[in-house]
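Below, each chain spelled out in residue letters.
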Amino acid sequence: DAGVIQSPRHEVTEMGQEVTLRCKPISGHNSLFWYRQTMMRGLELLIYFNNNVPIDDSGMPEDRFSAKMPNASFSTLKIQPSEPRDSAVYFCASSSRQGTDTQYFGPGTRLTVL
Amino acid sequence: SQQGEEDPQALSIQEGENATMNCSYKTSINNLQWYRQNSGRGLVHLILIRSNEREKHSGRLRVTLDTSKKSSSLLITASRAADTASYFCATRNSGNTPLVFGKGTRLSVIA
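Quick mapping for you: the protein sequence lines, in order, are chains Y and G.
If you use the working numbering, the first sequence corresponds to residues 136 to 249, in order.
If you use the working numbering, the second sequence corresponds to residues 3 to 113, in order.
The hints are simulated quantities; they were obtained by calculation from the structure and are not laboratory data.
C-beta atoms are modelled at their ideal positions from N, C-alpha and C, and glycine is treated no differently.
Certain hints may be false.
[Stated by the list, open to error] Which stretches of chain Y does chain G cover? Using the computed rule of at least three CB atoms under 8 Å from a CB of chain G, they are: (1) 174-185; (2) 236-243.
[To be verified] Cross-link-like lysine-lysine pairs, in silico, BS3-like; alpha carbons within 27 Å at most: (3) Lys-72(G) - Lys-105(G); (4) Lys-203(Y) - Lys-213(Y); (5) Lys-58(G) - Lys-105(G); (6) Lys-71(G) - Lys-105(G); (7) Lys-213(Y) - Lys-72(G); (8) Lys-105(G) - Lys-159(Y).
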């Protein structure tokens, strides 16, 4: 199995631009999580999906952030418009509810907003 | 919300020594997990211990859980330079909620 795949790995953009981060979970996993990691705030859960349905988006910082999961093999996290304080590493993780709830993380997308 | 908090925040040891990291949490849990994060990488699951277990081993890792004190410890024996990473505990409570991660312990193993 290829594991959780994220793209792009690095993104540098200017303030005000739209940013779209992509994630492909492990095949067969039915839960997907988006996290943000910074030195100041640590690892923050932004939103998670079960069976493609958003369950809890209370961690999404502002309306500028949105996430979708149109099917079981793809999810996006969009920031529009982006701001310098959005600079962070964004991780996607997936897990299977049929076994333990161990989460498998992708390699992350390092976002820099200038 | 409940959160695992690791202690210490940072730990520096010599290769060959044992490293002990602690995690405290606030409410009843279903299980507690430890993850490792190498610099620039995603988190990797190390070990899971259920609320009815007191100790678990995996290779050089030993995890203990004391539910009466709401705490867990991760022991890495005979540390190696490759163990240098951040270590996170994550708790899962009895409800239908996702894991909650602590802020991690940064371990440096000096060769």
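Okay, the hints, checked on the actual structure:
1. 174-185: It holds: at least three residues are needed, and the segment 174-185 of chain Y offers 4 whose Cβ sits within less than 8 Å of chain G.
2. 236-243: holds (count 8)
3. Lys-72(G) - Lys-105(G): 17 Å, holds
4. Lys-203(Y) - Lys-213(Y): With a Cα-Cα distance of about 9 Å, the restraint between Lys-203(Y) and Lys-213(Y) holds, given a limit of 27 Å.
5. Lys-58(G) - Lys-105(G): The given pair, whose Cα atoms are some 22 Å apart, holds under the 27 Å limit.
6. Lys-71(G) - Lys-105(G): Since the Cα atoms of Lys-71(G) and Lys-105(G) sit roughly 20 Å apart, the hinted pair holds (cutoff 27 Å).
7. Lys-213(Y) - Lys-72(G): The hint is violated at about 37 Å.
8. Lys-105(G) - Lys-159(Y): 26 Å, holds
In the structure shown, a violation is registered for the earlier hint numbered 7 alone.
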